[in-house]
Amino acid sequence: MAGLLIAPGASFAQDAEGDGSSARALNESKALAVVANAIEGAIRPGYAALEEAARKQVASVEALCATPGEDKLLEARDGFEEQVSAYAGIEFVRFGPIREDNRLERLVFFPDPRGVTRRQVEELLAEEDESASTAESLAQKSVAVQGLPALEFVLFGEGSDTLATADAAYRCSYGEAIAQNVASIAGEITEAWAEDDGIYKRLTAPKADDPAYRNASDSIGEIISVFTEGLKIIRDQRIRPALGEEGTPPKAYLFLFNRSGNALAALQADFAGLSTMFEAASFTEVLPKDEAFLQNSISFEFQEARATLDDAEGPLSDTVADEDVRGKLDYAMIVAGSLRSQFENQLAASLGLSTGFSSLDGD
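In the working numbering, the protein residues as written are 160 to 522.
Worth flagging that the hints you see were computed from the coordinates, not collected in a lab.
We put the beta carbon where it would ideally sit given N, CA and C, even for glycine.
Mixed in with the good hints there might be a few duds.
[Unchecked claim] Under the rule of at most 30 Å between Cα atoms (straight-line distance), these lysine-lysine pairs were calculated in the DSSO-like manner:
#	residue 1	residue 2
1	K231	K215
2	K360	K410
3	K366	K300
4	K231	K189
5	K448	K189
6	K360	K189
7	K189	K410
8	K360	K487
9	K300	K189
[As the list claims (entries may be wrong)] Restraint-style ranges between C-beta atoms, simulated for each label pair:
#	residue 1	residue 2	range
10	G357	D230	17 to 27 Å
11	A480	Q396	12 to 22 Å
12	T443	A225	25 to 35 Å
13	S441	E482	17 to 27 Å
14	A466	S441	15 to 25 Å
15	Q299	G228	40 to 50 Å
16	D326	S456	54 to 64 Å
17	E405	D477	15 to 25 Å
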């Protein structure tokens, strides 16, 4: 489990009433209910929404390839925006099925400071590599050419306007293969989470011999890690590199999904997805009574971040240099840091969890 460790000798905070043993058992039950709430109220619906958006994207790209035209290209590009929002809404669930078969990187290879995706995609397009024109063979290639950033370049990058004509047959078939590959990956993850056995059972009915989820503390710690790592990613990978240091020009090209003009939509969905999971999980019952205020406190900060980004003007490639927009992004980073602190130093601590190794440490 990345992000949180159980403090030696720690246990869940006890209810004010009852003896220690019954309170502990009751609290572990409540903790596992929080885990189940997060899965059923956010993780399962989130991945299902991603799969649905991905399959709609397949249909729109297939239609474009079959009958090229400006209207079909617009529909495919609109479908990409929908897919980006669906992905961002669930992207910080980085454990379980998405960690198998390199699915995380195959969906989105990022950060990519050296421009590997663009370079490799341009090579495929120049060579018209037929092995990249079917989803099955594409799945065996570099992760950089398989996922949403690669599809973004196909639909929005240099030369993409030719997709509206009959002169871009290879480019379109490659885009179709990417869309099918993404839909396949999303479908596999959705199916794995939908099963009552597997990852769902491991998290909601932990066992002492499970390598990752031995008890309720491990399970709820994994859920909390979605927030602590997700908020760190938003601040340190999604916003800060593009804004740069104060007084220096921003580098909009470092925003994820900047090429398609969807960087702001992705950030909005990032916060919305985390907020949705937090509300679905409902930590109130498992928190000690003197810490119950954290539910409302954290909810308020999520609302602040979402309202600020909803009020920002995009696309960021055009507006990030504007003082008002930059100020809103700076504020979103501040809120992300504040929220992360609340999850790590208050909510997790109140449940007997301590911060530990993060998979992002050293990035």
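Status of the hints after comparison with the structure:
1. Between the alpha carbons of K231 and K215 the distance comes to roughly 13 Å, so the proposed pair stays at or under 30 Å and holds.
2. Taking the CA atoms of K360 and K410, the gap is about 44 Å. The hint is violated against a cut of 30 Å.
3. Our distance criterion of 30 Å between C-alpha atoms is broken by K366 and K300, whose separation comes to about 37 Å.
4. For the proposed pair K231 and K189, the alpha carbon gap of about 50 Å is over 30 Å, so the pair is violated.
5. Straight-line distance between C-alpha atoms of K448 and K189 comes to about 14 Å, which keeps the hinted pair within the 30 Å bound.
6. For the hint pairing K360 with K189, the CA-to-CA distance comes to about 16 Å; that is within 30 Å, so the pair holds.
7. Proposed proximity of K189 and K410 is contradicted: the alpha carbons are some 45 Å apart, above 30 Å.
8. With a C-alpha separation of about 41 Å, the suggested pair K360 and K487 falls outside the 30 Å cut-off, and the hint is violated.
9. A threshold of 30 Å between alpha carbons decides the hint, and for K300 with K189 the separation of about 44 Å lies outside it, so the pair is violated.
10. Remark: the range hint 17 to 27 Å for G357 to D230 is contradicted by a beta-carbon distance near 42 Å.
11. Hint check: A480 to Q396, Cβ distance near 21 Å, so the stated range 12 to 22 Å holds.
12. The given range of 25 to 35 Å is broken by T443 and A225, whose C-beta atoms sit roughly 52 Å from each other.
13. Under the hint 17 to 27 Å, the C-beta atoms of S441 and E482, about 39 Å apart, miss the expected range.
14. With their beta carbons about 22 Å apart, A466 and S441 fall inside the hinted range of 15 to 25 Å.
15. The hinted window of 40 to 50 Å between Q299 and G228 is violated, with their beta carbons roughly 32 Å apart.
16. At roughly 56 Å, the beta carbons of D326 and S456 sit within the given window of 54 to 64 Å.
17. Taking the beta carbon of each, E405 and D477 are about 21 Å apart, inside 15 to 25 Å as hinted.
Hints 2, 3, 4, 7, 8, 9, 10, 12, 13, 15 from the earlier list are contradicted by this structure; the remaining hints agree with it.
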